[in-house]
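J.: The lines below spell out each chain.
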Amino acid sequence: MLVSAHLVILPIILPMLAALLQLLPWGAQPQRYRRAIGILASMLAVLLSIQLLIAVDQGPLVYALGNWQAPFGIVLVADKLSALMILLTNLLALPVLIYSCYGEDNLGSHFQALFQFQLLGIIGAFLTGDLFNLFVFFEVLLISSYALLMHGGGKLKLRATLHYVLLNLAGSAVFLISLGVLYGITGTLNMADMANKVALLTGDDATIARAGGMLLLVVFGLKAALLPLYFWLPQAYATTTGAVAALFAIMTKVGVYSIIRVFTLIFGVDAGAASLLGYDWLWWLGLATLGIGAIGVLGSRDLRAVIAYLVVISIGTMLTTFSMNSERAISAVMFYMLHSTLITGALFLLTDVVAEQRGKTASRIVKGRKMAQHGTLGMMFFIAAIAVIGMPPFSGFIGKLFILEAARTGAQVALLWPLVLGSTFLMMIALSRAGSRMFWHTLDGKPGEVRHPTGQLTAITLLLATIVGLTIFANPVSSYTQAIANDLVHPSAYKNAVLGTGVSDVK
Amino acid sequence: MEALYAITVGMLTACSVYLILRGRSFPIVIGITMLSYAVNLFLFSTGRLVINQIPIIGAADQYTDPLPQALVLTAIVIGFAMTAYSIILAVRVRGEWGSDEVNDTSPNDGEGNR
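Chains A and G, in that order, are what the protein sequence lines are.
Okay, so the first sequence: first residue is 732 according to my numbering, each after it adds one.
Okay, so the second sequence: first residue is 1403 according to my numbering, each after it adds one.
Bound conformation, chain G alone (with noise of 0.2 Å):
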C-alpha cells in the first residue's frame, strides 16, 4: 500500500511540475491544483498509513493520527479559495492583455506606468 501511495504522490508532483512549468495561464493554474492534491495526500500520509483504526489512544491496539487529517483541512480549504481567485486572476489577465501567455512582454513596457 504504501508503495502505490507513494508513486500516486510522486506522479501527480511529476506532473504538475511539468504544467507549472509550461508558458500558459490555464496549465499552470491546472498544475497548481494538481500540485495541491499531492500535496494534501502527502500531507495525510505523515501520520502513516493505518486502515480501519480510530484516532483515540488507549481504545485499541493501533491508532490513527488524527492530526495530519485536521491539517489537510485546512489545507484544502485555503488550496480551494486559492485556486478559485487564481482562476479569476488568469481570466481577466486573458481578457485585458488578450492573451494567456505568462511571459511575452518586453521588461520595459512597465516604465513609468500603472
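Isolated chain A, as found in the complex (with noise of 0.2 Å):
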C-alpha cells in the first residue's frame, strides 16, 4: 500500500537513506557495514526499478510533491521513458558497486556514500517534471561526481577534475539563464504546462523562447559530450578510477535523456513557432561528434582513453539519430542507449583489471607482460570489443542495425550511414589492434603477479550477461523502446497526465 502509493519517489528516497545511514561512524571498520548497505540499497533499488516499469505500463504516474499540485507545485513524472532510464541506471550501478568493494572503494574517503549519492541525482534527473527541478538534480549529481572523480586522488585527476568542474560551473550559470529566460517567457517551470504555454508563443516572444530553448541545448550538450563541447571527457574519463568511469557510463546519458525529453515535450513537433528546435544543429554536430570519436578512437594509444572515445561516439550516434525525429529513430536511439551504457560500463572496468594485472605498462597499447588471468580476461575483452564494435551477435550489432534503419530519406541516408559504418570500422581496427598488442604480443617470461578475485571478475560479467540478455530478448525490449517512442512523439498522455487527470492518482 505505502509502496504503491509512493512508488515513484521510492527510486529516488532508496539511495538517500543509504547514503545517509552510509555516513555515521560505524566503529572501527565501517566500511563492512557501509558496502552491506550500499550493496542491499542497491538492489533493493533494482527490484524497485522493475516494479516501476510494470506500474508505469498503464501510463505515466504522477506524484506531487507535498502535494501541492501541477503547475504549481513541484511533481515528479514517471512514464516508460524515464522507468527504463531508472532501470538501466540501476542495473549499471550494482555491478559497478560489487567490483568497487574489493577494495576500490578504499582509496578515498567516503566513496559509498558518494556512489548512492550520485544514483539520487542521475534517478532525480530522469523522474523530475519540473525544469528548475532538472537543474537542482543536475547539481547533485554534479557535485558527488566532482567528488567521485577526484577519487583516489592523485596529480592527473586533480587537473581533469579542475577542468570538469569549472566547465560544469560555467554550464550550470548558462542553464540557469535559459531557466530564466524560459520562466520570464511563459511564467511557468512545469515542463508539461511550459510545453503548452510555448506552443501558443508567437513573435518575439517565441524568438526568446527559441533562445532559451537553444541555450538549453548547450547545456545539455555539454553534460552530453556533444561535439564542441566534449573536450571534458576523454581526459576524465581516462584518469579516474575504472569504477568511477564505469558509473559515469550513465552521466552522458544523463544529458542525452535531457535533450529527449526537453525537445520532444517543449521543443517538439507541436511547439508552434519552436517547433523542432535545434534539430538541424543536432544532426550536423551528432555527425561531427561521430567523426571525431571515431579519429579520437583510432589516435588514442592508452586503452583507457579509446574507451572514453569510444563514448564520444556512442553520444553522436545517439543524437544524430535522434535528430531524425521519427518513430523509429528514437526507438532505435533508446535501444542503443541501453546497449551502450552497459557495454562502456562492462569496458571500464575491464580496462582496469587488465591494467593492474599488467603492472607498469598499465593500460597504454604496447607489448607488454602476461596477465595473471590471461585467458579469462582475454575472452571478455573480446567479447566486450565484438559487443561495443556492434558486430554480430551481441546487441551492438541489432542497436546499429536500428540506428541504420531508421534512417529514412536520402541525404539522411547519404550521411548517417557513411559515418556510422566508418567509426564501426575504426573502432575495429582500434580494439582489434589493442586487443592484439595486449593479449597476444605478449613478452616471454612469467605472467605477472595480481590476481583479482572472483567476485569482481563476476561483476563484469554480470554487466556482460546483460549484454547477452538484450541480444536475446532484443524482441521485447525493441517493442518497448518503440511504445516509448510513440509515447515521445505524441506527448499528450505525459501532458493530461501532469496538468489534468494526474490529480486523482496522487494521495
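Treat the hints as calculated values from the structure; they're not laboratory data.
Among the hints, a few may not be true.
[What the hints assert, rightly or not] Partial list, computed: chain G residues near chain A (C-beta under 10 Å):
{"id": "1", "residue": "1422"}
{"id": "2", "residue": "1445"}
{"id": "3", "residue": "1447"}
{"id": "4", "residue": "1449"}
{"id": "5", "residue": "1450"}
{"id": "6", "residue": "1469"}
{"id": "7", "residue": "1472"}
{"id": "8", "residue": "1495"}
{"id": "9", "residue": "1505"}
Since the model is a prediction, treat every value here as computed from it, not as a measurement.
Don't be surprised by glycine CBs; every beta carbon is placed ideally from N, CA and C.
Bring the two chains, given one by one in their own frames, into a single complex with the hints.
T.: This is how it looks when you write it as C-alpha cells:
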C-alpha cells in the first residue's frame, strides 16, 4: 500500500537513505557495514525499478511533492522513458558497486556514500517533471561526480577534475540563464505546462523562447559531450578509477535523456513557432561528434582513452539519430542507449583489471607482460569488443541495425550510413590492435603476479550478461522502446497526466 | 530602471566571460563567481521589476513574483558551495602542479598513469 502510493519517489529516497546511513560512524571497521548497506540498497533499487517499469505500463504516474498540484508545485513524473532509464541506471550501478567493494572504495573517504548520492542525482533527473528541479538534480549529481572523479587522488585526476568542475560551473550558469529566459516568457517551470505555453507563443516572444531553448541545448550538449563541448570527457574518463568511469557511463546519457525529454515535449513537433528547435544543429553536430570520436579512438594510445572516445562516438550516434525525429529513430536511440551504457561500463571495469594485472605498462597499448588471468580476461575483452563495435551476434549489432534502418530519406542515408559504418570500421581497427598488442604480443617470461578475486570478474561478467540478455530479448525490448518513442512523439498523455487527470492519482 | 538593470547584468556577464577565458585558475574562479552574480540578478529580473509590492495576488493592484526569488535563493546556495569547492580544488592543483596554469601539459603525460 505504502509502496504503491509512493512508488514514484522511492527510487530517489532509497539511495538517499542508504547514503545517509553510510555516512554514520560505524566503529573501527566501517567499510564492511557501508558496503553491505550500499549493495543491499542497490539490489532493492533494481527490484523497485522493475516494479516501477511494470506500474507505468498503464500510463504515466505523477507524484506531486508536498501535494502541491502542477503547475504550481513540483511534480515527479514516471513514464516509460523515465522508468527504463532508472532501470538502466540501477542495472549498471549494482555490478559497478560490487566491483568497487573489493578495495577500490578504500582509496578515498566516503566513496560508498558519494556513489549513492550520485545515483540519487541521476535518478532524480530522470524522474522530475519540473525544469528547475532538473537543474537541482543536475547539481546533486554534479557535486557527487566532482568528488568521485577525484577519488583516489593524484596529479592527473586533480587537473582533469578542475577542468570538469570549471566547465560544469559555467554550464550551470548557462542552465540558469536559459531557465530564467523560459520562465520570463512562459511564467512556468513545469515542463508539461511550459510545452503548452510555448506552443502558443508568437512573434518576439517565440524568438526569445527559441533563444532559451537553444541555451538549454548548449547545457545538455555539455553534459552529453556533444562536439564542441566534449573536450573534458576523454581526459576525465581516462584518468579516473575504473569503477567511477564505469558509473559515469550513465552520466553522459543523462544529457541525452534531457535532450530527448525537453526537445520532444517542449520543442517538439507541436511547439508552434518554436517547433523542432535545434534538430538541425543536433544532426550536424552529432555527425561531427561521431567523426571526431572515431578519429580519437584510432589515435589513442591508451585503452582507457579509446573507451572514453567510444563514449563520444555513442553520443554522436544517438543524437544524430534522435534528430531525425521519427518514432523509429527515437526507438533506435533508446535501444542503442541501453546497449552502449552497459557495454561501456563493462569495458571500463575490464580495462581497470587489465591495467592492474599488466603492472608497469598498465593500459597503454604496447607490448607488455602476460597477465595472471590471461585467458579469462582475453575472452571477456573479446566479447566486450565485439559487442561494442557492433558485430554480430551481440546487441551492438542489433542497435546499429535499428539506427541504420531509421534513416529514411536520401540525405539521411547518404550522411549517416557512411559515418556510422566508417566509425564502426575504425573502432574495429583500434580495438583489434589494442587486443592483439595486449593479449597476443606479450613478452616471454613469467606472467604478472596480480590476480583479481572472482567477485570482481563476476561483476564484469554480470554486465556482459546483461548485454547477452539484451541480445536474446531484443524483440520485447525493442517493442518497449517503440512504445516509448510513440509516447514521446505524441506527448499528450504525458501532459494530461501532469496537468489534468494526474491530480486524482496522488494521495 | 530596466535599462540600468540590463546594463549591469550585461557588464557583469561580459567581464566574467573575459575572466573565464583567461589561462589561470584564479581569474577563472573569480570569473565564475562573477557570472553567478550576473545569473542571480538576471533570474531575479525574470519576475519583472516591481518596487514596493508584496508577493500576494489580490492584496494590491500590483504584486511581485515570489518564484524568481525562491529560484535565486536556491541558485545562491548551490553557487556558493560550488565556488568554495572550486577554490579548494584550484589551490590543490596549484600545490600539486606548482603552477596555476590550466593548460600547460602535453597531452601524452597522462598515458597509462593515474
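J.: Hint check: is the beta carbon of residue 1445 of chain G less than 10 Å from a beta carbon of chain A?
T.: holds (5 Å)
J.: Under 10 Å, Cβ to Cβ, is where residue 1472 of chain G needs to be relative to chain A, so tell me if that hint holds or is violated.
T.: For residue 1472 of chain G, the interface hint holds, since the closest Cβ of chain A sits about 9 Å away, which is under 10 Å.
J.: Should the hint that residue 1447 of chain G touches chain A count as held when the rule is a Cβ pair under 10 Å?
T.: Where the cut-off is 10 Å and the nearest Cβ of chain A is about 8 Å from residue 1447 of chain G, the hint holds.
J.: Please check whether residue 1422 of chain G passes as an interface residue: C-beta within 10 Å of a C-beta belonging to chain A.
T.: Interface hint status for residue 1422 of chain G: holds (6 Å vs cutoff 10 Å).
J.: Is the hint on residue 1449 of chain G kept, meaning its closest Cβ partner in chain A is under 10 Å away?
T.: holds (8 Å)
J.: Are residue 1450 of chain G and chain A close enough, Cβ to Cβ, to be under 10 Å, as the hint says?
T.: holds (8 Å)
J.: Let me know if the C-beta of residue 1495 of chain G comes in closer than 10 Å to any C-beta of chain A, holds or violated.
T.: holds (5 Å)
J.: Are residue 1505 of chain G and chain A close enough, Cβ to Cβ, to be under 10 Å, as the hint says?
T.: holds (8 Å)
J.: A closest beta-carbon separation below 10 Å is what the hint needs, so does residue 1469 of chain G meet it against chain A?
T.: holds (7 Å)
Going through the hint list in order, the structure satisfies each hint without exception.
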